[in-house]
Amino acid sequence: MTRYTSATVDDRAEMLEAIGVDSAAELFEQIPEPLRLGRPLALPDGLSESEVFDRLAALAARNADAEEQVCFVGAGMYDHYVPAIVDAITQRSEFLTPYTPYQPEISQGGLQVMFEFQTAMSELTGLPVSNAGLYEGPSSVASAGYLAMGATKRRRFVVSRGVHPHSRETLATYSKGYGAEIVEVGLEGGLTDAAALAAAVDGETAAVILQSPNFLGSVEDVEALGAAAKEHGALLVVATDPMTLGILKPPGECGADIALGEGQPLGNRLDYGGPSFGFFCATEEQIRRMPGRIAGETEDVDGRRGFVLALQTREQHIRREKATNNICTAQALNALAAMVHLAWLGRQGFRELGELLAQRTAYARERLAAVNGVELLHEAPVMREFAVRLEAPVAAVLDRCAERGIAAGYPLGHEYPEHSDGLLVAITERRSREQIDDLAEALGAAIAAERTGERVGAA
Amino acid sequence: MTRYTSATVDDRAEMLEAIGVDSAAELFEQIPEPLRLGRPLALPDGLSESEVFDRLAALAARNADAEEQVCFVGAGMYDHYVPAIVDAITQRSEFLTPYTPYQPEISQGGLQVMFEFQTAMSELTGLPVSNAGLYEGPSSVASAGYLAMGATKRRRFVVSRGVHPHSRETLATYSKGYGAEIVEVGLEGGLTDAAALAAAVDGETAAVILQSPNFLGSVEDVEALGAAAKEHGALLVVATDPMTLGILKPPGECGADIALGEGQPLGNRLDYGGPSFGFFCATEEQIRRMPGRIAGETEDVDGRRGFVLALQTREQHIRREKATNNICTAQALNALAAMVHLAWLGRQGFRELGELLAQRTAYARERLAAVNGVELLHEAPVMREFAVRLEAPVAAVLDRCAERGIAAGYPLGHEYPEHSDGLLVAITERRSREQIDDLAEALGAAIAAERTGERVGAA
Amino acid sequence: MSSAITETPMQRERAKTIYEKSKPGRRAAVLPGAGVPEHPLEELIPANLLRDEPPRLPEIAEPEIVRHYNRLSRRNFDLDSGFYPLGSCTMKHNPRLNERVAALPGHARLHPAQDPKRAQGALELMWLLQQSLGEICGLPHVSLQPSAGSHGELAGLLLTRAYHADRGEQRTKVLAPDTSHGTNPASVTMAGYEVVKVATNARGGVEMADLRAKVNDEVACLMLTNPNTLGLFDENIAEIAALIHEVGGTLYYDGANLNAVMGHSRPGDMGFDIVHVNLHKSFSQPHGGGGPGAGPIAVSDRIEPYLPRPQVVRRESDNGGGPSFDLDFDRPKSIGRLRGFQGNFGVFVRSYAYILSLGADGLAEASETAVLNANYLKARLGEGRAGERLPIAFERHCMHEFVLSGKPMKKQLGLATLDLAKRLLDFGFHPPTVYFPLLVDEALMVEPTETETKESLDAFADAIEQILSEAEADPEVARQAPYTTPVRRLDEVRATRRPVVRQPLGD
Amino acid sequence: MSSAITETPMQRERAKTIYEKSKPGRRAAVLPGAGVPEHPLEELIPANLLRDEPPRLPEIAEPEIVRHYNRLSRRNFDLDSGFYPLGSCTMKHNPRLNERVAALPGHARLHPAQDPKRAQGALELMWLLQQSLGEICGLPHVSLQPSAGSHGELAGLLLTRAYHADRGEQRTKVLAPDTSHGTNPASVTMAGYEVVKVATNARGGVEMADLRAKVNDEVACLMLTNPNTLGLFDENIAEIAALIHEVGGTLYYDGANLNAVMGHSRPGDMGFDIVHVNLHKSFSQPHGGGGPGAGPIAVSDRIEPYLPRPQVVRRESDNGGGPSFDLDFDRPKSIGRLRGFQGNFGVFVRSYAYILSLGADGLAEASETAVLNANYLKARLGEGRAGERLPIAFERHCMHEFVLSGKPMKKQLGLATLDLAKRLLDFGFHPPTVYFPLLVDEALMVEPTETETKESLDAFADAIEQILSEAEADPEVARQAPYTTPVRRLDEVRATRRPVVRQPLGD
Ligand SMILES: Cc1ncc(COP(=O)(O)O)c(C=O)c1O
Ligand SMILES: Cc1ncc(COP(=O)(O)O)c(C=O)c1O
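Chains as they are written, first to last, in the numbering used here: chain A, 1 to 459; chain B, 1 to 459; chain C, 1 to 507; chain D, 1 to 507.
If we strip away everything but chain A, and leave its shape as in the complex, we get:
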């Protein structure tokens, strides 16, 4: 008997008797003999709790996390401070352990949180309808593509190269399935090439997909770029970083039909990439094509206000092959974390945080641009993240900075071969002026050392 099961020898005897078999093994006889494993799994024996803890703590110790290295890496996930109340609330059994709220009478807590969350995301994006969350960012882009196909009965997406590479790749993966074609539009000076975009959009275009701030940190003129979509009756899909929406014009005010993105910056820790959540907002027009759960307000038989899962007729458990999406288990707890973080920031704090990010980003950008061997990759206006060019091999420079306890940024070369010398630097409220100055210093030293061909570790 493990620490998690309760059937004692006596229990087993009584239960087997009631079932009318002599042993539990008999119950497994419905499995044809040749398909029974007939040996223990080739896995280690179970461990005590303290041994499991020590084992995993030892593994964790072999990761250079943001407590060990000052983290300027972003690329969609950011080292924001997650307030303590987020953990305190999300760790409550009542939020942590229930299933999806199929029985609304005993799930009002979770359902109301979804309703509050939908309201918050709707406020952030400036679009009237939000769902309760999807898996994460890039797959939300793919889901938007699926929605657009259903809405327009067209099969082509025009996608900016400024959209996160993971989103573009995920969209491509899904497209092989639901059968769509992707046309990519390049960047000019850090921004989507407007002319090329206009030229690429036509009557076959289901959706124009942009990101702002884009992957290089540039703030796009979504409204201007989106005109082409409107013109040809394509949906305008805008991916965005929710943390920038305290100061940036919301996609909904720029003509977006769908606004979505990676939710991690809101109340979710880095967790080496997940779990986080994807947010997904749209116009009223798309409400019955939305993917994922949506909570709605209603009343009980006595007239008490209450909340339920609304519009379930979109979903797989009702509509099966005709569902608007296949998603079932999503990321409810992560959406709760976001809601608590947003309530904690509040209307004023959320704006102040946006301003703080803009100011520190500007400072960092200037500071780094002044470093010998570093220049800006582009001059476009940026928010919370920006790209530079290094006059030394990026990988080597990153190694040298790592030795000094700094994760200096995200190397662009892998996903943007045209920028093999590019480095993407991200700012959060945790990155102080001192840390930014240290980064500038470390980069300068690393580049100098590379030029003089000094040995790594020599510094």
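For the record, the hints were derived by calculation from the structure and aren't laboratory data. Worth double-checking, as some hints may not be accurate.
[Said to hold, decoys possible] No more than 30 Å apart at the CA atoms, straight line, and that leaves these computed lysine-lysine pairs for DSS-like: (1) LYS333(D) <-> LYS176(B); (2) LYS407(C) <-> LYS197(C); (3) LYS322(A) <-> LYS197(C); (4) LYS153(A) <-> LYS230(A); (5) LYS322(A) <-> LYS173(C); (6) LYS153(B) <-> LYS197(D); (7) LYS407(D) <-> LYS322(B); (8) LYS153(A) <-> LYS173(C); (9) LYS176(B) <-> LYS214(D); (10) LYS333(D) <-> LYS173(D); (11) LYS176(A) <-> LYS230(A); (12) LYS176(B) <-> LYS322(B); (13) LYS176(A) <-> LYS333(C); (14) LYS197(C) <-> LYS173(C); (15) LYS230(B) <-> LYS322(B); (16) LYS322(A) <-> LYS16(C); (17) LYS197(D) <-> LYS176(B); (18) LYS230(B) <-> LYS176(B); (19) LYS16(C) <-> LYS197(C).
[As the list claims (entries may be wrong)] Pulled a few chain D residues facing chain C out of the computed Cβ check, cut under 8 Å: (20) THR8; (21) PRO9; (22) GLU62; (23) PRO63; (24) GLU64; (25) VAL66; (26) ASN70; (27) ARG71; (28) ASP80; (29) GLY82; (30) PRO95; (31) TRP127; (32) LEU128; (33) THR453.
Every value quoted in this text rests on a predicted model; they were computed, and no experiment measured them. Glycine included, C-beta positions come from ideal geometry on N, C-alpha and C.
Dock chains B, C and D with the ligands against the given chain A, drawing on the hints supplied.
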């Protein structure tokens, strides 16, 4: 307005109007002008949550905790593994934030926990009555002395030198207040000198105070030693380590009138010494002289089972100067942690843990005794902790071990000048055979290095 | 005086959103100062790209935020409150140890783009989890990327497409039994295939005749779960596998029911090519009120080349040192990414901790006890009124769950399965899954899991008995139920007809 | 159908202890193997010192332990559930940040006997907290050792004794006002002194005539809290201090009410020699249902030599390096230890985090708002029925709390303060402190604290109004209250007459 207060400018205006004053300052005018501070406190400005976190994390990083150094230090507090459910339960608002349960109808959770805890401590100690916990170990010994004075109307304590030095010193501090005299009885071969004890006890003795396992880890023959107390009508007070009571004969079966001790090993982390709790159990005879809260079972008006604070007529808020003790706020949350830990260990696990400690202690004792330059301080039977003698300056040896990531033990010299070469080594279920072997090796190497006068850090 | 309760305290407390508790000027967060020379915002970002008004987020101090969400939490029923026999969802205990290890900074604050050199612990953990799941499923190659079961299904179908495409084949159909979970057909459509339903036979397994009739070279894949959603093991699985493989199709295993067979039987040995595993079911990841989860897939050799990118790999060191771990992007035949970064790592930590805790025996014992508990509860519900009014849909030993039919109850007492479910709420139980699988009239799908005590199972059976006898006296009691929940029956139709999906806000 | 509720769900669920849920053979803990050569236990420890039977602890698996304690927790009302105006207890918000920093391994797993060289962070934190509290109290020397307020009181009295003894004086009496908290006289007796009560004047302060009459050279100390337990600041404090000091006594400040004056007035400046601070009141340490807390003391120069041992000290480095921190045991005049090791360090971390968070302004603003909230609620309760039935005991502006008298209510409506308190439970409020201070008939002591919203204060005032009007119609409603709590009024007499203080257990 801080993040913890809610009075907006409008709120303040409305409130001041209702009060009928023009400013909050007016309310402070009842303080005579010369006594008003009239300047800001000489403290730094407030910080954001992430800054406070970083500040305290930086301080914490300058401590060599048990995650950083393998911990063989005990002396009353031990590096046991605290199961995760202890934190999960004690961190629930419903247990973390209420006051002492003065309103039983809305405090049944806390009161039932106290009742369950009292039952557990009564089972451990073999005495019928337990309170809901006191501050911690040593001050509980002082409270036992106060009880014994009340019970016997005598003013002398006979105390074994095997009792924790902190307990003896605390008893002395309190005794200066309530006016008692202390006679100390020495140790022979690691055990209380029985003859000297018998000689010291007389008709003036209020209590005989022993500890088993004593400070040197030796298991005392409490029953035999206690005879003298019985003979002269003194109370027998026994301090003990609760983690040893899975296998050691409980004080209640050895004739103890009072059994008490430091509760930290049960579900409480080290926390650099606190908060933990003291447990305090006694015979029925002493129930109305007990210090601290005691929960009792009763019924509500509809016949439902319920729990209340019982025997409050002992306490300061009712009896004031005639109270059996002055304690008010105690350590309820720490007692809850202990109860959860004990439920998690369970009847079998608690015994198994006792056996595990005995076996590993025996192994460690043999292993260290075999090290060149180390010998046993005494041959008495020990449980979970034991004392050795080092043929090199203890402080220097400890420094060398620390450099190898081992906190090798507790130096006896400070409190037992007669054992200036003594080291006390403690074992928990977290100390594996490998770690014990490393300790042996480190001690051997350190002693050798000291002999050859090698520089510290050279190793 | 008990006239003084006509409503429970929670019912009396009407729902109020956090926006309705907001008051201008209040705040919880205090942010650090910029600490750098500041510029007017318009100098940094063109004014036309800036927003005029900040979003109308709540304005409220920390104490009231905590009270609001703590209070809301009490309006949830959860696994730690009581028995939760929600069929197909495997509501087993969620060990808190797993939460503790997932929260270690080395996991929680590790950036997903950290250089693999500096994330060796995380990559090794993922690799170890891949190995463990491969062994449990009997399929050697594992990708942890899918975010949940349905994501794993989509992945499996895309793998199938890539596999056939690589052979120059174009297949259009995917077979799935009429008992299959809704995500199966939904995934099929998303993957660009057409679903073909396969009938169920008298023993609750696949109707072989129907299957034979529908198997042909247009069939890309057959999706099954075994034991299936009736909780029954399909004895014909070997023959089924042979049929599909003969026509060159792939066999997909929906792993939602893996909790029945861990350490007893392996999908790979049954002939499946692709399996998804719901870590939030069999491997104890908490459900979180609707996620997060993770749906890793395990596949056979022939499918391996197409696995998503990147793949976590172990490299033996050339220079005699220990092995190292890396992310392999160089997979030319890969279907590509299904999401950002490496997947729901925090979930991997919890599930790996669970596997380490139980070990080989523990996992087998868990499945055995799950099956024992299910059969015992089935036996208890075979007695008395339940036996009569709620007969078992297919009379056989079940695996980890079983399905009852409320048809007689409805006919004889006028009590719908929904009414029974709602009345169970008053007894402090979460109801079973209702009206699924569709095949069974008025279905009740019951999955107790291994972590429940015999006492809980007995109490549940007694409650059903009591509700049925109460209904014989007066069916209205159940029809109007629940009475003691924070709210009573809710108008779901209105919520869909005239959806109100966000709080309207003034300024 | 709401006939279906005569009991709330919690009332229906009768109390069952964890021992009653135990079943032989069940377990939660799995322990590591010994991993060393084992010997029969009797060879290690003489058989006569071993116990025959292990203690009858519960036998229960982890899932049911979690359910048991989660369920129990819901039978508590807590600060995060609602308004908790428990006078004298300062039930202010408990920031979760403080729990987070206290849990850092560098704090939580630091052994108290670690060499100070290797605990510099902890010692510096303690030193910084000492400095902060010294500044707030206006007394430069601080010992963090006392474990709670009453422990601090005892410490203060022992310091007084040591101080006088050092001067060859033997004093026997300690003065305390009749409004003083129970721990004051209890501590006096424990410290071997005799209590002499001092009367209260018409303005709620010390009756000077009575004080003068009782002050003489037998008086060791006067214990006061200012503002006192009536929430009123004693304007005569300077004169009082002078009187005591003239006869060579010490002036002790019970710091339980410090939340009224932080950053506005300092006990040291009032002339006090010794102050204790309840970190679990003014400095946000959660109360934990009855602790833990901490009761640091701050003292004047003349008392400093007698402070408990060891003392945390800062040493400037001789060799130009930074300062270092140490434990100073070499204090010949010290009263010695009051407890083991260095005190409730985990509490120090939380309170220091709180001080860092609020800073100088924040602390002053907290006290100001506490006083504002108290006076506003006092004003609200001065209106309408409350004003008439529950008059304020002393009509003045109050500081952070105030005391009402239920005497008219009792006379006019036959409603005791206790009845009002119990009825408040049905309205979802924690009642004020009742029947304290003793001086006031049917006393209700109300302390809202600064972290409550105006809305909460208004709702509380409205509830009192409603209860009083309800009582005018039918006093029985309140006399029988509460109705909706997990249990209703309990028989406390029986619990003391025939105490059952543990669960009886079979084998
Ligand atoms: C049988 C079955 N298949 C598939 C799924 C889908 O899994 P998920 O919710 O993780 O997407 C579920 C879970 O609801 C299920 O029960
Ligand atoms: C006025 C007063 N003095 C002293 C105390 C005792 O403090 P503690 O409970 O921390 O021992 C309290 C708290 O109950 C109090 O309110």
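Notebook entry, point to check: Does LYS173(C) lie within 30 Å of LYS197(C) when you go C-alpha to C-alpha?
Noted result: Status holds; Cα separation ~10 Å.
Check: Does THR8(D) meet its interface restraint, that is, does its C-beta lie within less than 8 Å of any C-beta in chain C?
Finding: Since the shortest Cβ distance to chain C is 5 Å, the answer is holds.
Next item on the list: Assess, step by step, whether the Cα of LYS197(D) is no farther than 30 Å from the Cα of LYS176(B), and give holds or violated.
Entry: holds, 24 Å
Check: Holds or violated: are the alpha carbons of LYS333(D) and LYS173(D) at most 30 Å from each other?
Finding: holds, 23 Å
Notebook entry, point to check: Does the alpha-carbon distance linking LYS153(B) and LYS197(D) stay inside the 30 Å limit?
Noted result: Roughly 26 Å between the alpha carbons, so the hint for LYS153(B) and LYS197(D) holds.
Next item on the list: Using 8 Å as the Cβ threshold, decide whether TRP127(D) counts as touching chain C.
Entry: Constraint on TRP127(D) not satisfied, violated at 25 Å.
Margin query: Just to be careful, I want the Cα atoms of LYS322(A) and LYS173(C) compared with a cutoff of 30 Å; is the pair within it?
Written below: holds, 15 Å
Note to self: Interface hint check: GLY82(D), Cβ to nearest Cβ on chain C, cutoff 8 Å. Holds or violated?
What the structure shows: holds, 7 Å
Check: Hey, LYS230(B) versus LYS176(B), does the alpha-carbon distance stay inside 30 Å?
Finding: holds, 26 Å
Notebook entry, point to check: When you check the alpha-carbon spacing of LYS407(C) and LYS197(C), does it fall within 30 Å?
Noted result: holds, 24 Å
Margin query: Would the hint linking LYS322(A) and LYS16(C) be met if the CA-CA limit is 30 Å?
Written below: violated, 36 Å
Notebook entry, point to check: Do the alpha carbons of LYS176(B) and LYS322(B) lie within 30 Å of each other, as the hint requires?
Noted result: Given that 30 Å is the threshold and the Cα spacing comes to 19 Å, the pair holds.
When the structure is compared with the earlier hints, violations turn up for hints 16, 19, 31 and 32 and for no others.
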